[in-house]
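> As a plain string of letters, each chain reads:
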Amino acid sequence: MNGRIVRLSRGDPNTAKIYEQFGGPAKTAKKWQNDGAKKLHIIDLDAALGSGNNRSIIAEIAESVNLPIQVGGGIRTIKDVEHLLSLGINQVILGALPFSDPFALNQIQKQYGSDVVIVALDNKNGNIMIEGWKTKTMMGVRDSLNKFMGIGIKSFLITSITKDGTLSGPDLETLDKASRTPGAKIIAAGGIGQLDDLIELQKIGVEGAVIGKALYEERFTLKEALNQFGGK
Amino acid sequence: MPELVILDYGVGNLFSLKNALEEVGLTVRIKESIKQSNKIDAIALPGVGHFTAAARKLEFINQSITTIVDNGTPLLGICLGLQLLFQESDEGPGRGLGIFRGKNVRLSESLKVPHMGWNTLKIVKQNEILKDVVDNSFVYFVHSLYPIPVEKEIVATKTEYGETFTSMIAYKNVFGTQFHPEKSGPIGLKILSNFAKIVKR
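Heads up: the protein sequence lines correspond to chains B and H, in order.
Convert by adding 5 to the 1-based position in the first sequence; the result is the number in my numbering.
Convert by adding 653 to the 1-based position in the second sequence; the result is the number in my numbering.
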């Protein structure tokens, strides 16, 4: 947000807290790489909230690390996808687009392959929320999963909005149900606050987990997490 | 600084590779074509696109590339770039460079394809491009096909994903990785910097 590393609580921009104890975005990305990170997950909050974007910072991060990077937030057109991929981003996380423009989703898959797309299922009280978590859709997690699996999407980022930025533990119930969908690769996000949360997620069998605030608040270190899980 | 040419035969996104090669001390130029008369210190075949489309683009410079390589210029093929070193592919029609004998086949359909993520390298034959890379190091893969070389002595590493496949080849001045060193963190950079050392020699 505004070119800085921030974390929000439950998606509320008023709760934004800056975390630059390791340096700016590019420098911090490099730190995670040196600590053994195997993938970086970046959300452009300004783009998600419709108040500008941080594309130049994303380009700078992509230039300073050599790791797979996934980017989400405000990716509303094929042009946006094209631009991000040209910066060396490997996967785009799409929240609103799959719901508002299934035709574009189809085009993106055709042009770049389904492996570049992660569909974001950000949910609150069972409903999928889009556009910076301000707009409610009429769909739930399970029916969305089935719908998008049906058109060839395999990777899903499932974020619990009420848990996000709270460090109070992930929404295990929703994630457990979601991971029962055959063939779906589930990435869990929201609420991870301690190593035990990762153990629970591993039991459920998710593909990966997004850890943000817990690392910036230094609840545990990336090295500790990697030592325990090997981390891919 | 030695000059390396990345051959652009597909849909963009050569940015990460260019960056990584510059980081290990090479001057990088992206070109759609090369001539035998060009002064080139190394060639990289990048890993994006479709075999048939790439083979079609390479059709007219096929001879130039093989001549340059036969003269001892180091070449690094990545992912699709590795597959293009062989003769053909199950991905579609078209002829690869045929620097090595063999064809590219699909990963078993019973697996999650593409094989996407971090996996280990089992070193089967030491080579200077693997200097200081320990056995079972993790590197990053995104692919649905892999080459089966006829000449087994060119195989440097293997990787297990449902089946065991060739994940790296190294023979004289020709190198190829099925994984993406430009996305494989410090280990990937190590491999690229070993390649750069070979180029500088």
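You may find that some hints are simply not true.
[To be verified] Label-pair distances were calculated between CB atoms; the ranges are:
id : chain 1 : residue 1 : chain 2 : residue 2 : range
1  : B       : G55       : H       : I801      : 45 to 53 Å
2  : B       : G55       : H       : K765      : 32 to 40 Å
3  : H       : A706      : B       : Q112      : 14 to 22 Å
4  : H       : G725      : B       : D181      : 52 to 60 Å
5  : H       : A706      : B       : I204      : 41 to 49 Å
6  : B       : D201      : H       : G725      : 50 to 58 Å
7  : H       : N691      : B       : Q199      : 51 to 59 Å
8  : H       : K692      : B       : D40       : 35 to 43 Å
9  : H       : E656      : B       : E178      : 53 to 61 Å
It is worth saying that the hints were derived from the structure and are not from the lab.
Positions of the beta carbon are idealized from the N, C-alpha and C atoms, including for glycine.
> Taking 45 to 53 Å as the stated bounds, is the beta-carbon spacing between G55(B) and I801(H) within them?
Given range 45 to 53 Å: holds, Cβ gap about 51 Å.
> Using the beta carbons of G55(B) and K765(H), state whether their distance is inside 32 to 40 Å or not.
holds (35 Å)
> So does G725(H) sit 52 to 60 Å from D181(B), Cβ to Cβ?
Check passed, 58 Å falls within 52 to 60 Å.
> Given a hint of 53 to 61 Å, does the C-beta separation of E656(H) and E178(B) actually sit inside it?
holds (57 Å)
> Given a hinted range of 50 to 58 Å, is it respected by the beta-carbon distance of D201(B) and G725(H)?
holds (57 Å)
> Is 41 to 49 Å respected by the C-beta to C-beta distance linking A706(H) and I204(B)?
holds (45 Å)
> Determine whether the Cβ-Cβ distance between K692(H) and D40(B) falls within the hinted range of 35 to 43 Å.
holds (41 Å)
> For the hint 14 to 22 Å, verify it against the beta carbon of A706(H) and that of Q112(B).
holds (18 Å)
> Tell me if the beta carbons of N691(H) and Q199(B) are separated by a distance inside 51 to 59 Å.
holds (57 Å)
Every hint from the earlier list agrees with this structure, and none is contradicted.
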